[in-house]
Amino acid sequence: MAKLDIAILQKAYAGRPVLHDVSLIVEAGTLVAILGGSGSGKTTLLRLIAGFERVDGGEIRIDGALVAAATLHKPAERRGIGYMAQEGALFPHLCVADNITFGLPRAARRCRDRVAEMLEMVELPADYAGRAPHQLSGGEQQRVALARALAPNPKLVLLDEPFSALDAGLRADTRETVAAALRAAGTTAILVTHDQEEALSMGVQVGVLRDGQLVQLAAPAALYRRPADAALARFVGEAVLTRGVAESDAVQCAFGRLSLPPGGPTGSVNIMVRPEQIKLTAAPASGDVAAVVKAVTFYGHDATVRLALKNSAEEVTARIFSHVAPQSGAEVWLRIEGEVMVYPAPRPSTDAAV
Amino acid sequence: MVSDNSSRSGRPPLGLLAAGGAAAALVLLPVAVTLANAGHAGFGAAVALLGRGLIAQLLANSLGLILCATISCGLIGTAAAWFVERTDLPGRPLWAVLAVVPLAIPAFITSYAWVSISPDLQDFAGALLVVTVSYFPLVYLPVAAALREMDPALEETARTLGNGPWAIFRRVILPQLRPALLGGMLLVALDTLVEFGAFAMLRFRTFTTAIYSAYRAGFSGAEPALLAVVLILLCLLCLLAEQLVRGRARYGRLAHGTRRAAARYRLGRWRPIVPLGFAALALVTIAVPLGTILWWLTRDSSAATATAAAAPADVAAAALSSLGLGLGGAALTMLIALPLGVLAARFDGWLIVGLERTAYLAQSIPGIVVALALVSLTVHLIRPLYQSVFLLLLAYSIVFLPLALVSIRSAIVQAQPRLEEAGRALGLNWIAITWRVTLPLAGPGLGAAAAMVFIAVTTELTATLLLAPIGTQTLATQIWADTSTLAFAAAAPYAAVLAALSLLASWTLARRFGAASVFTPVGAAPVGAALEAAV
Numbered sequence: 112m113a114k115l116d117i118a119i120l121q122k123a124y125a126g127r128p129v130l131h132d133v134s135l136i137v138e139a140g141t142l143v144a145i146l147g148g149s150g151s152g153k154t155t156l157l158r159l160i161a162g163f164e165r166v167d168g169g170e171i172r173i174d175g176a177l178v179a180a181a182t183l184h185k186p187a188e189r190r191g192i193g194y195m196a197q198e199g200a201l202f203p204h205l206c207v208a209d210n211i212t213f214g215l216p217r218a219a220r221r222c223r224d225r226v227a228e229m230l231e232m233v234e235l236p237a238d239y240a241g242r243a244p245h246q247l248s249g250g251e252q253q254r255v256a257l258a259r260a261l262a263p264n265p266k267l268v269l270l271d272e273p274f275s276a277l278d279a280g281l282r283a284d285t286r287e288t289v290a291a292a293l294r295a296a297g298t299t300a301i302l303v304t305h306d307q308e309e310a311l312s313m314g315v316q317v318g319v320l321r322d323g324q325l326v327q328l329a330a331p332a333a334l335y336r337r338p339a340d341a342a343l344a345r346f347v348g349e350a351v352l353t354r355g356v357a358e359s360d361a362v363q364c365a366f367g368r369l370s371l372p373p374g375g376p377t378g379s380v381n382i383m384v385r386p387e388q389i390k391l392t393a394a395p396a397s398g399d400v401a402a403v404v405k406a407v408t409f410y411g412h413d414a415t416v417r418l419a420l421k422n423s424a425e426e427v428t429a430r431i432f433s434h435v436a437p438q439s440g441a442e443v444w445l446r447i448e449g450e451v452m453v454y455p456a457p458r459p460s461t462d463a464a465v
Numbered sequence: 073m074v075s076d077n078s079s080r081s082g083r084p085p086l087g088l089l090a091a092g093g094a095a096a097a098l099v100l101l102p103v104a105v106t107l108a109n110a111g112h113a114g115f116g117a118a119v120a121l122l123g124r125g126l127i128a129q130l131l132a133n134s135l136g137l138i139l140c141a142t143i144s145c146g147l148i149g150t151a152a153a154w155f156v157e158r159t160d161l162p163g164r165p166l167w168a169v170l171a172v173v174p175l176a177i178p179a180f181i182t183s184y185a186w187v188s189i190s191p192d193l194q195d196f197a198g199a200l201l202v203v204t205v206s207y208f209p210l211v212y213l214p215v216a217a218a219l220r221e222m223d224p225a226l227e228e229t230a231r232t233l234g235n236g237p238w239a240i241f242r243r244v245i246l247p248q249l250r251p252a253l254l255g256g257m258l259l260v261a262l263d264t265l266v267e268f269g270a271f272a273m274l275r276f277r278t279f280t281t282a283i284y285s286a287y288r289a290g291f292s293g294a295e296p297a298l299l300a301v302v303l304i305l306l307c308l309l310c311l312l313a314e315q316l317v318r319g320r321a322r323y324g325r326l327a328h329g330t331r332r333a334a335a336r337y338r339l340g341r342w343r344p345i346v347p348l349g350f351a352a353l354a355l356v357t358i359a360v361p362l363g364t365i366l367w368w369l370t371r372d373s374s375a376a377t378a379t380a381a382a383a384p385a386d387v388a389a390a391a392l393s394s395l396g397l398g399l400g401g402a403a404l405t406m407l408i409a410l411p412l413g414v415l416a417a418r419f420d421g422w423l424i425v426g427l428e429r430t431a432y433l434a435q436s437i438p439g440i441v442v443a444l445a446l447v448s449l450t451v452h453l454i455r456p457l458y459q460s461v462f463l464l465l466l467a468y469s470i471v472f473l474p475l476a477l478v479s480i481r482s483a484i485v486q487a488q489p490r491l492e493e494a495g496r497a498l499g500l501n502w503i504a505i506t507w508r509v510t511l512p513l514a515g516p517g518l519g520a521a522a523a524m525v526f527i528a529v530t531t532e533l534t535a536t537l538l539l540a541p542i543g544t545q546t547l548a549t550q551i552w553a554d555t556s557t558l559a560f561a562a563a564a565p566y567a568a569v570l571a572a573l574s575l576l577a578s579w580t581l582a583r584r585f586g587a588a589s590v591f592t593p594v595g596a597a598p599v600g601a602a603l604e605a606a607v
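If you read the protein sequences in the order shown, they are chains A and B. Going by the numbering used here, the first sequence opens with residue 112, and the numbers climb by one from there. Going by the numbering used here, the second sequence opens with residue 73, and the numbers climb by one from there.
Just chain A, with the same shape it has in the complex:
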């Protein structure tokens, strides 16, 4: 268990910056998820921490000890870091047990107690020890990969999109097992992913990388409710954005007059609400806004409703439980529940590009 300390990290490939001024602290024993699209630099960040690549500037410290800086590079094999690759990367020529003990000292490799212990930790039956990797399903391979990474008791575990190759059902299951095993081991961990649901459900903290910069680092709920800017709001979940005029404690917009926490921007602003914050009723209360249902898309347990607001001709999408979904063409009333976010909109002409 170790604290990871990353300060103003820089990395460029052939003159093109990939990471820029990334600073991040991961407290001992916690899991931080790094969320980013392709090309955001998230895999590069992981590879720098692992020691597969050299940093151009900045520092990486594990438990206070410097492992990477512009002039210092501790090789990957001496950093004591566990690594779980995208598709497990089990050694195809070794059985499960030999895979798990691969990183142990020679004497400890023969002792099979550790194998049983690790298999139990990742919730695999003990008789899997003798199987070849190709006899395992994708999810089982990932579990063995985690057991292998954890077996030498690493200070830190890096998970590189470990669930992206699994299909949906297997993914949720494997994710839970991995989270539980990491908790049981008490290891500090960094998970890199492009899947926001995965990042929000697994991370104690979630960092968002965009164009090589860490845009925001926050607890999952805080990141979802109070994203740093409008683009981030769209990246982390769905967002409904509309324009309005803010005063000190309220904002006037297409949804009516909504209250705001004090201290936010005033004047012309962009307002962000989550689709599930839009509540629909057939009978209006005071302050509700009239709308016409343009289309309903059914997803199963929930549904999205495309609404045309009567007073402003704007169209917004609400997400509601499917059993209360209205018919297309119906007249409904809507109201915003919970806190909304406002972002300054300095030039009204640019808001279309948000």
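Some hints could be false.
[What the hints assert, rightly or not] Derived DEER-like restraints, expressed as beta-carbon distance ranges:
hint, chain 1, residue 1, chain 2, residue 2, range
1, B, Q194, A, A218, 51 to 57 Å
2, B, L576, A, D306, 51 to 57 Å
3, B, R336, A, P236, 39 to 45 Å
4, B, Q486, A, I136, 54 to 60 Å
5, A, A295, B, L309, 20 to 26 Å
6, B, L246, A, A243, 15 to 21 Å
7, A, H434, B, L498, 44 to 50 Å
8, A, A125, B, A313, 43 to 49 Å
9, A, S275, B, L500, 38 to 44 Å
10, A, S275, B, A313, 38 to 44 Å
11, B, W422, A, D278, 34 to 40 Å
12, B, L498, A, S275, 37 to 43 Å
13, B, R583, A, D278, 39 to 45 Å
14, B, L246, A, F432, 56 to 62 Å
Keep in mind the hints are simulated off the structure, nothing from the lab. Glycine included, every Cβ here is placed at the ideal spot set by N, Cα and C.
Given the coordinates of chain A, work out where chain B should sit on it, guided by the hints.
Leaving out everything else, chain B in the frame of chain A:
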């Protein structure tokens, strides 16, 4: 290796089956004749032969050479592949090409070059040098491919688990290279057993040269046949071992996603030195053979031990007959191999698998055995065919059937029945489908198959030497004749034309279809074929 089961259904047409059966029978013909000749000799002759200690000596020679050659080829091939694929070696594309070029220079040409440099370079040392220089690409190619295929995440994971570069090579890379490495080494062994010309020029006695001298000495068919049986058994052993190695240790990649290119090791202070090693390798494997030919070309014929000169007209005539035989051989081989290729690609069942494997057995029948069997068959039974062009072409077809079959099969697989069905659904009749769907898809591969057989036949020595009609000289047989009389300068023009032809044709083929398609070790095929058939 995705096998589409739905596409391999139905019963093959009888005519196709008969043609495929005939091709397989053709392969078995020399084996049957050899066995019959050996049988005629009877038990007594076999015991007498063994008593002379000849077989023991030949075995010691062959196995000793094979042991050393497979090790040297294994080391050089693996090292070259690792440096090219996994390090920041300067000039990698160049070295990658130069590591394959020796395959386009026939071993007897290399042998001629070294022998003409120094008559001391003979026997075991010379044989080991020539075999290593000519055959190390057979290890380089599969090992380089295996290194390219390897998932870099495996090495990265091993690093995070505390392993340095050497431990990773030993614990992660080498175990995964094992099938490619052993497979390549067994191909080296097989080619060493089958080679005749190179060893004859070096005066190194192996089974092939012993069979030839027994035949020339006018022994009854018995002694050459007995030696041939032992040789076939040895070749068969190599072929089976090779299949076993590839079949059992197929790890494959577990992951199927997109893959990063593997990180290359920095050579550091070795960076200026390793290219020198590659340059030395290219010098020994390419520059010396080709340079020697050029040197003799510029020399007056009196510089050689024997003073004979080659007239330009003779060289042209030999080149023409080599090319003519190449065209004829390619045509006949394609004709014989095509039905079997179609059967193997399109239909299933034990009969077809059996026919296909029988055809691949031809790999373990050395050219000299095929030639001798055909000689004894025609001399005794079909006299008019003896020393006819047709018989020579037939020998080529048997020897190079596996080479053609590999490419034909994969070419036909390209033209999937699904695509033909799509054409049929769009209203095309079978002529239109053949013309507009099948041929455009399979055509290039069939062309490559024919071209490969053409190159192989043009540079063939052994069967040509024994079966060519009286008065017919090819480039290969002229080099042979002149080298035998130590007229090295006289051989040079023929060697130059032959090497140029082979290099040019291989280069054209490689540019058109990729290096891998040209230099696919034939040995890889039966396993692939058998596996696909088994799925």
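These are the hints, each one checked on the structure:
1. About 53 Å separates the C-beta atoms of Q194(B) and A218(A), a value consistent with the hinted range of 51 to 57 Å.
2. Separation of L576(B) from D306(A) is about 54 Å and conforms to the stated range, judged on CB atoms against 51 to 57 Å.
3. Evaluation of the 39 to 45 Å hint for R336(B) and P236(A) yields a pass: the beta carbon distance comes to about 40 Å.
4. A beta carbon spacing of about 56 Å between Q486(B) and I136(A) agrees with the range 54 to 60 Å that was offered as a hint.
5. Distance hint check for A295(A) and L309(B): the Cβ-Cβ separation is about 54 Å, which falls outside the suggested range of 20 to 26 Å.
6. About 18 Å separates the C-beta atoms of L246(B) and A243(A), a value consistent with the hinted range of 15 to 21 Å.
7. Between H434(A) and L498(B) the beta carbon distance is about 48 Å. The supplied range of 44 to 50 Å therefore holds.
8. Range check, A125(A) to A313(B): about 47 Å between beta-carbon atoms, so the 43 to 49 Å window is met.
9. With their beta carbons about 43 Å apart, S275(A) and L500(B) fall inside the hinted range of 38 to 44 Å.
10. Range check, S275(A) to A313(B): Cβ separation about 41 Å, and the 38 to 44 Å hint holds.
11. Evaluation of the 34 to 40 Å hint for W422(B) and D278(A) yields a pass: the beta carbon distance comes to about 37 Å.
12. L498(B) and S275(A) have their C-beta atoms about 39 Å apart, which keeps the hinted 37 to 43 Å range intact.
13. Between R583(B) and D278(A) the C-beta distance comes to about 42 Å, which sits within the given range of 39 to 45 Å.
14. Between L246(B) and F432(A) the beta carbons are some 59 Å apart, a value that agrees with the proposed interval 56 to 62 Å.
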